[in-house]
Amino acid sequence: MKRFRLNQQEIVFAVFAVLFCAFSILLKGFLTADNMLTLLQNVAVLGILGLAMAIVVIGRGIDLSLIATLAVPAGLVLQMVQNGHSLPASLLAASLLSIGIGLVNGWLIAYAEVPPLFATLATGLFVAGLGQAALFQLDVVQWNDGMAGFERLGQGSILGIPTAIVMFAIACVVVFILLRLTRWGAYIYAVGDNPFAARVTGIPSRPIIVLQYVVAALIGCFAGLVMAASVNSMPTRIFNSTLIYDVILVVVLGGIGLSGGRGGVVNVIIGTLLIGTMLNGMTILDIPYAGQNLIKGIVLLIAVITDTFLNPRNEETAQQGDI
Amino acid sequence: MVRVHRFAFGSIAALTFASVAVPALAQQGLDEPFQKPFREALAGKTVAYVPVAMNFDLTEGWYAGLKKELEPYGVKFEIRDPNWNTNAGAQAVTSLISEKPAVMVIHNPDVQTYAKLLQRAENEGIYVIQINMGSAYRSSAFVGANWIEIGERQTEGVIKACEGKSNKIAIIQGALSAAASAYTLKGVENVLAKHPEIKVVSSQAADWDAAKAKAITQTVLKQNPDLCGIVGFWDGMDIGTAAAVKEAGLTGKVFLATSGGGERKGACELVKNGSFDLDVSYDVPTQAAQMAGTIKWLLSSGAKPGSVKGSEYTTLIPITKENADSQTACWNLSDLKK
Amino acid sequence: MRETLTRLRYRYWPDHLLGEILSKRWTETAIPVILLLIVGFALSQSLEHFLSPASLADTARQAGEIGFIGLGMGLVVIVGGIDLSVGSMFALTDFCALYLLDVLGWPVPAVIIATMVFGGLLGAVNGILIGYLRLRAFITTLITLIIYRSAFDLLIQRYSNAIASAFPDIPSWNFIGDGNVFGIPSVALVYIAVAIFGHIFLTRLRPGWHITAIGGSRRSAYNSGIPVRRTIALCYVASGVLTSVAGLFFAARLGTVGGDIGVGLEVIVLTATVLGGITLGGGKGSVVKSLVGVLVVLLITNGLTAMNARGGANRMALATILLAAAMIDIRWQKNRTRIISKVYVAPTYHALPPSPSTEIGKGGPFEQNDKLRDVSLIGLGMIEAPEDVILDRNDVLYAGSRHGDIIRFFPPNYERMEVFAHIGGQPLGMAFDRQDNLYVCIGGMGLYRIKPDDFLLRSDRPLRDGRVAGRWAGSTRQRPHHLLRHQDRRHAYRAARAQIPERRRSGQRWAVDIVRGDLRLFGQTLLVRRTEERSRRGRDGQPAGIS
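Residue numbers (our numbering), protein chains in the order written: chain A, 1 to 323; chain B, 1 to 338; chain C, 1 to 547.
Hints may contain errors.
Below, simulated DMTMM-like cross-link-like pairs (lysine to aspartate or glutamate); rule was C-alpha separation at most 20 Å, straight line [stated by the list, open to error]:
| # | chain 1 | residue 1 | chain 2 | residue 2 |
| --- | --- | --- | --- | --- |
| 1 | B | K296 | B | E156 |
| 2 | C | K334 | A | E113 |
| 3 | B | K45 | C | D178 |
| 4 | B | K265 | A | D286 |
| 5 | B | K246 | A | D145 |
| 6 | B | K76 | C | D58 |
| 7 | B | K222 | A | D145 |
| 8 | B | K100 | B | E40 |
| 9 | B | K100 | C | E48 |
| 10 | C | K342 | C | E28 |
| 11 | B | K100 | B | E71 |
| 12 | B | K100 | B | E124 |
| 13 | B | K272 | B | D325 |
| 14 | B | K296 | B | E69 |
| 15 | B | K272 | B | E322 |
| 16 | B | K36 | B | E71 |
| 17 | B | K309 | B | E124 |
| 18 | A | K28 | B | D226 |
| 19 | B | K337 | B | E156 |
| 20 | B | K265 | A | D145 |
| 21 | B | K68 | B | E322 |
| 22 | B | K246 | A | E151 |
| 23 | B | K168 | A | D286 |
| 24 | B | K246 | A | D34 |
| 25 | B | K168 | B | E197 |
| 26 | B | K265 | B | E163 |
| 27 | C | K284 | A | E113 |
| 28 | B | K100 | C | E28 |
| 29 | B | K272 | A | D34 |
| 30 | B | K337 | B | E122 |
| 31 | B | K321 | B | E78 |
| 32 | B | K36 | B | E78 |
| 33 | B | K337 | B | E78 |
| 34 | B | K199 | A | E113 |
| 35 | B | K296 | B | E40 |
| 36 | B | K272 | A | D145 |
| 37 | B | K100 | C | D178 |
| 38 | B | K222 | A | E113 |
| 39 | B | K199 | B | E163 |
| 40 | B | K160 | B | E322 |
The hints are simulated quantities; they were obtained by calculation from the structure and are not laboratory data.
Build out the structure end to end from the sequences listed, making use of the hints.
This is how it looks when you write it as structure tokens:
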């Protein structure tokens, strides 16, 4: 009899399904189309960030500077428009800044061989400091009339679906094409699975690593623009929050292991759906914020423990450094 | 005989003129005896400023205002910026105590962390002025907003706008553990106790984060489309709340009351364009001026630090559509820095 | 002058000593220590009060607290994991200590013990999940971070007012928080004691070796019989206990349960750990590395704050210093052995006399000899590997070749050549005697004598070595193809069959031409001789039709 195996992706999906059904039955107003859209909209930005992190994690890295990449380039756009520059020029400046961040990250990790955790931590700190010191006057950069029309990137709806969700869907499609349909995506998987073998077979592993971080930074910038458009400002203080842990949770819980080489867009979507459902349900239940976090943590812990019971860590193939 | 009188009269007149003229020619000003000790009391003294963080409207405004008032008198004005890190702030205060400035201006992140340190500071002869967020230890002076009053005013505004409507309101708190948030909540509760017909459908903390505030508000609005008012605890965060209200198309139907420092771009403009319906401002330039005045008074009085204590609660400026356009309701950071 | 300096440098510079020092294990920490010294020096120059006892005591106090957490994190990283929940554990144990002291009113020793037990329990949750259930460390401690932080938030909502209003004035508690012993803060003393014990534990005691072994390779450690799961779980428990100690000292110092205690602390401690040189992945690390990392990070953050730097500049400077230090450290770790091997070589210096001239015409002993410039070449391309050459009485030049032939070149031009004898092997040295016999040393075969006109080969008794009579080691080398023709071999074989016992070795047919005195391989010798000897046919009685 074939043993019924679930991998982590499926376990998380099962948990999500259970929660979803429970909330639909027990909560009035959960299973309405409006609420579903609200649910997705609340986590759309988190999902876009999860896509960026997923690319990097598949390549066996990690990117803790994503929050800085979300906040600072988008804030730069707002600040420049506030100071009188034109919108296209500001967008160009922001893209160049985020490409620069990605290049620095990639160079440090691929060529200077600094561990990714450390390197991206330091770059994120640097970029946040740069924004605080040189780019922004106040840490909440306000909207202004020069940005008129841009808020459609995050507010309003397209064909009845809130724009933020559409942006998330666009990002999903782009990342899917990159990862599954292009050669570079295959290289990213190869580099993440076994970097030494990849290099020996002739894959340009170091430029691929740089590519990962540049793409992640660009997606982070895009997420920042969507967020700025949706709340009509850029609260750069978000760097101090623990949002980065939520992003990592979305990615890892969805099934993309931190040791790289596995996973895809579907995993990010599943992780996002789980967290979104939990948050939405708990807000409807009016559970206080600290209680929400506690419940979120416990549910995630149960999911991870279940996964370990069903898929014990294989000591033979576990690599050193596989924390 | 008449000639003598005339002569006498003339000579007396001449003498009188002479006696008046002589002092008038060598007239000297009167020395005001108190301004010299005042200048000596202030010159060369160090005032250290420890905010929660720089780079936001409140702390930048206080900094600019204090600098403008104190530096002309030769006061050295220093900053220690812990950048939202409580531990770093405690460390900064500790090292300041050993450096012994004349005055410390402290913006507390919570009620307890600095309490013992401030007590120690005043025992060692440093005046301590606390701004806007106080600690458990009351020091020489407290200048700041009365958070309970802010909560009360906001709730009263919301309740008045809710008259005749659904009587459902939502509360978007700041961070649960922040003293300002907790005090404001108390003020809200004070007023709600008097109005039992008002129902609070949601009271969540958004952690001072605009995106979270937007998410919470969206969910609440979807569940309660007939919501009549929202009480938000900080205008920097309630931009998100306003965006959610706008997306639901309910701007003008949901009364959003918030509070903040009153900077033009963050407060008056947003009230003007309808994002906020009421923004209770604690008027940062006035607070800075009050602090400067207190410092001048304390330094020139020579009182022993800790021997005299007092409080200065700020007069709040409620900004609504009526006065959002006026010159005095809000302030510009750029003007303050000049 | 330059020479004197060079001589002094090579004579007296202690290369060997330097190499010895660099080979020591503790020089792995060289870069962080140098960075610490630079930072300390820079701060002492720019801040007047930096080196004052009060300020140093303050720094030591804060360093002690974070140092405890750094020790715990270092232990966990060495064993191959990571602990992201230290910040939340710090907050929770801080709360626990203050709650027990202020709200429940327990005596100080009980508070200390209870808090440490509580910290151990928090760590044990991590330990069981990661050690026994074998969850992944990163994600597990991330989740426990969230759980513990939310538990802390809920608890302080209820109790923070009660704690805030209490001002306990117990002397022992105050000593823990603010006390000094001869100017050294109490925290620092306890930290030094624990650090010394920790160092001995990691480097000299068996459990410490077990920890390093597990970090190096979990599978191998398991196979060696080390109780892997238990050790890993205990490491996390130790991390919890050490964090609770830090929380105790913090609670005594500030007495606060503010909302953002410990937020971001795990990042600072992780930065300090990695900066000090304890690599994520495990197996390497020490107490000193942890301490140095903590001191560097602390000094930089506090120093920049005290220098009136705004928050943004503070962060940028910290990030730049961290990155620079990390890059230099990685280069140092990678190249350390290479540098050592270069430094270790300690040549001495010896001044050589001026070199003699080699120019032509100067007549010195090293004068370039171009006497062979205009020679004409003999046998270029026609003979392979002539190991020795010799001239006979008639100026005929004899040389061996790799194919086992003795080839001779005829004067006066030495352009005409013929195979004089074919022996096999590799002819090496040759010599003539007075009777014109050619003696040849054949590599691998022995000493052979070739009479000028009489046949000779190695006969019954060897001349020199002990080879068995009659055994010829035939050459197994490949013949040039154009010199070998099968038909000729067959003919020669039939014709010469009667002549002598032939030896077969590797299929080669050998015959001895008794008359001629050659030992030849069929076909080849004949063929070569054919061109030369057509004119001499008939004289030596070659079988007809052979050539």
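Please flag the earlier hints that this structure goes against, numbers listed from lowest up.
-> Violated hints: 1, 3, 4, 6, 7, 19, 21, 26, 28, 29, 30, 31, 32, 34 and 38; rest satisfied.
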